[in-house]
Amino acid sequence: MSGKTPVEKEEVLRAEQLRIGYKSRRKTDIIASGISFAALKGELTAIIGANGMGKTTLLRTLARILPAISGNITLHRKPLGKFSASGLAREIGLVLTGHHPSGNLTVNEIIALGRHPYTNWMGTPGAEDRAKVDEAKKLLGIEPLGTEKCYTLSDGQLQKVMIARVIAQDTSVIILDEPTTHLDVYHKTHILKLLRTLAHKTGKSIIFSSHEIEHSIQLCDKILVLHRGGADFGTPQSLVRNGTFNRLFPEDLITFDPETTSFRIRE
Amino acid sequence: MKPERPYYLRFSIFVLLLATCFLVNIGLGSVDIPFGKVCAVLSGGTSGRPSWDYIILHYRLPKALTAAFSGCGLAVSGLMMQTLFRNPLAGPFVLGISSGASLGVALLIMGASSLGISLFTSGLSLAVAATAGSFLVLLAVMAVAFRIKDTMAILIIGLMFGSITSAVVSVLSYFSSAEKLQQYIFWSFGSLGNLGWDELIILSVLLLTGILMSIFCIKNLNALLLGETYASSLGMNIRRNRIVLILATSILAGGITAFAGPVSFIGLAVPHLTRQVFNTTNHRILLPAVILYGAILMLVCDTIAQWPASDDTLPINAITSLVGAPVVVWLLVRKRRMIF
Chain D
1 MSGKTPVEKE EVLRAEQLRI GYKSRRKTDI IASGISFAAL KGELTAIIGA NGMGKTTLLR
61 TLARILPAIS GNITLHRKPL GKFSASGLAR EIGLVLTGHH PSGNLTVNEI IALGRHPYTN
121 WMGTPGAEDR AKVDEAKKLL GIEPLGTEKC YTLSDGQLQK VMIARVIAQD TSVIILDEPT
181 THLDVYHKTH ILKLLRTLAH KTGKSIIFSS HEIEHSIQLC DKILVLHRGG ADFGTPQSLV
241 RNGTFNRLFP EDLITFDPET TSFRIRE
Chain F
1 MKPERPYYLR FSIFVLLLAT CFLVNIGLGS VDIPFGKVCA VLSGGTSGRP SWDYIILHYR
61 LPKALTAAFS GCGLAVSGLM MQTLFRNPLA GPFVLGISSG ASLGVALLIM GASSLGISLF
121 TSGLSLAVAA TAGSFLVLLA VMAVAFRIKD TMAILIIGLM FGSITSAVVS VLSYFSSAEK
181 LQQYIFWSFG SLGNLGWDEL IILSVLLLTG ILMSIFCIKN LNALLLGETY ASSLGMNIRR
241 NRIVLILATS ILAGGITAFA GPVSFIGLAV PHLTRQVFNT TNHRILLPAV ILYGAILMLV
301 CDTIAQWPAS DDTLPINAIT SLVGAPVVVW LLVRKRRMIF
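From first to last, the protein sequence lines are chains D and F. What the first sequence shows, in our numbering, is residues 1 to 267, in sequence order. What the second sequence shows, in our numbering, is residues 1 to 340, in sequence order.
A hint or two may mislead.
To give an idea of the chain D side of the interface with chain F (calculated C-beta under 10 Å), a few residues [what the hints assert, rightly or not]:
1) GLY81
2) SER84
3) SER86
4) GLY93
5) ILE110
6) GLY123
7) ALA131
8) GLN169
No more than 25 Å apart at the CA atoms, straight line, and that leaves these computed lysine-lysine pairs for BS3-like [claimed, not checked]:
9) D/LYS82 / F/LYS180
10) D/LYS149 / F/LYS149
11) D/LYS82 / D/LYS23
12) F/LYS2 / D/LYS138
13) D/LYS27 / F/LYS149
14) D/LYS41 / D/LYS9
15) F/LYS2 / D/LYS23
Calculated from the structure, these hints are not laboratory results. Given the structure is predicted, the values throughout are model-derived calculations rather than measurements. Where a beta carbon is used, it is the ideal one built from N, C-alpha and C, also for glycine.
Generate the whole structure from the sequences, applying the supplied hints.
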């Protein structure tokens, strides 16, 4: 015991009793409800859940692409709805799956597009913007790729470029939707470790959705688990202790082993 | 990251080419006028023969300007539509603007006569009918664009409007006399030579408005290269931007179609040809480049259309495709990859 009390980390994004889904004129489809969590400064938070439990819907709601059905979301203790479009673009950055940018853009151009909320009406990057682009490339170790066209990149490289773009956007929150799909286990680990380093080093609050439960338990500061009964939020250790991961899937095929923090196939 | 390449050399070559094409276009025609005299008239002097002065100032110069203007406008609207829909096949007429214009003109020429009304069909009344037709289609597309979330749906709806109007035109053609039908078909060939200075002023105002609007969209067009969700996460208002782009395209393509008839191909091809030369998707470079390239290509096509030292001018709408399509095919085969 060091005797020091841990410094209270600053809260960035908070959701309270959030109910998410899709609303149309005729009916409302509720995908998940009872979601409460807080993403803190400098922390990596994973959102985990089986297919169809609302991971992507939640991320879209947090990024204000979708309106929440009910409940509150606050950013820096201010309601999310109070931010202007350009103000929000300086606070929340996105990395999506399966949205490939136009293939003829160079790596530099893609990353520079992240500077849009700060550039003039023509979008011309100035000296500061170019410095931020260089800084983002350096953080991700992709300096040599600068002038490459993005159709020549591998999936792993492209993912890093998209993360560099969001770093250059210089937001306090970064939201990533399944950043490790299409990657092998080595590159998965690489990207997730990178996100953790980025969160701890730059003080950003990074939230991502993932199917990599075992990786997330080892690497994340907090995990939000979406399951049929609602949502659980906490440190990986507390969630393992409470048996949350057992509730994640029907138990006829796989069970969660708290000793090894991994899933076992039932014989 | 280094500052953007300004592409000075390529732009200077384009400007020089444009000036050359413009002069050659005015210098050639059915009446043989020495090139020195042409330059003299253009620089404010006189050629010594009033008939030559008249031909140059009231026929060739407006025609060359019409060609350059329509080339610019169509190329810019093609570029905007290709980026908005993220589709290399999009062009200025995907929204059904030329179909709307065709319908207006068909109703004026063929519809009125089949109802037993004989209307006076001058160049101006054709322009009014074409404008009214494309404006109606534009209103329908805008009504849809306000309601729909998915931009791609607008593409399909534009195509559907096109089908409906061409079906109505077919029905009208079936019932109209050979003479009226011919008149309609001649309009659909497109013509750059019908504009006087008054009409040219209207066209240039429309062109200027459309291009100014597109300049204000440059930043958003670049953001759209990442896709709509990323663009909106960068603070862009998707619907407002969509409306501005559609409006600018309608002003440009609609105005040009009203005065010069439906000129196909330029709007689709010029953005692709420009991307081959400039090898970038940055709209700060592409927009001025397509303006120059569009004007050049249109002037070349018009020069070919009037060239064969005869009194007849070939239909410009056919020449643009005849000249342009092989060029695009050749470029794509040679580069083996379409830059988009």
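The hints, checked one at a time:
no.: 1; hint: GLY81; result: 15 Å, violated
no.: 2; hint: SER84; result: 8 Å, holds
no.: 3; hint: SER86; result: 4 Å, holds
no.: 4; hint: GLY93; result: 7 Å, holds
no.: 5; hint: ILE110; result: 7 Å, holds
no.: 6; hint: GLY123; result: 4 Å, holds
no.: 7; hint: ALA131; result: 8 Å, holds
no.: 8; hint: GLN169; result: 7 Å, holds
no.: 9; hint: D/LYS82 / F/LYS180; result: 61 Å, violated
no.: 10; hint: D/LYS149 / F/LYS149; result: 30 Å, violated
no.: 11; hint: D/LYS82 / D/LYS23; result: 21 Å, holds
no.: 12; hint: F/LYS2 / D/LYS138; result: 15 Å, holds
no.: 13; hint: D/LYS27 / F/LYS149; result: 18 Å, holds
no.: 14; hint: D/LYS41 / D/LYS9; result: 6 Å, holds
no.: 15; hint: F/LYS2 / D/LYS23; result: 46 Å, violated
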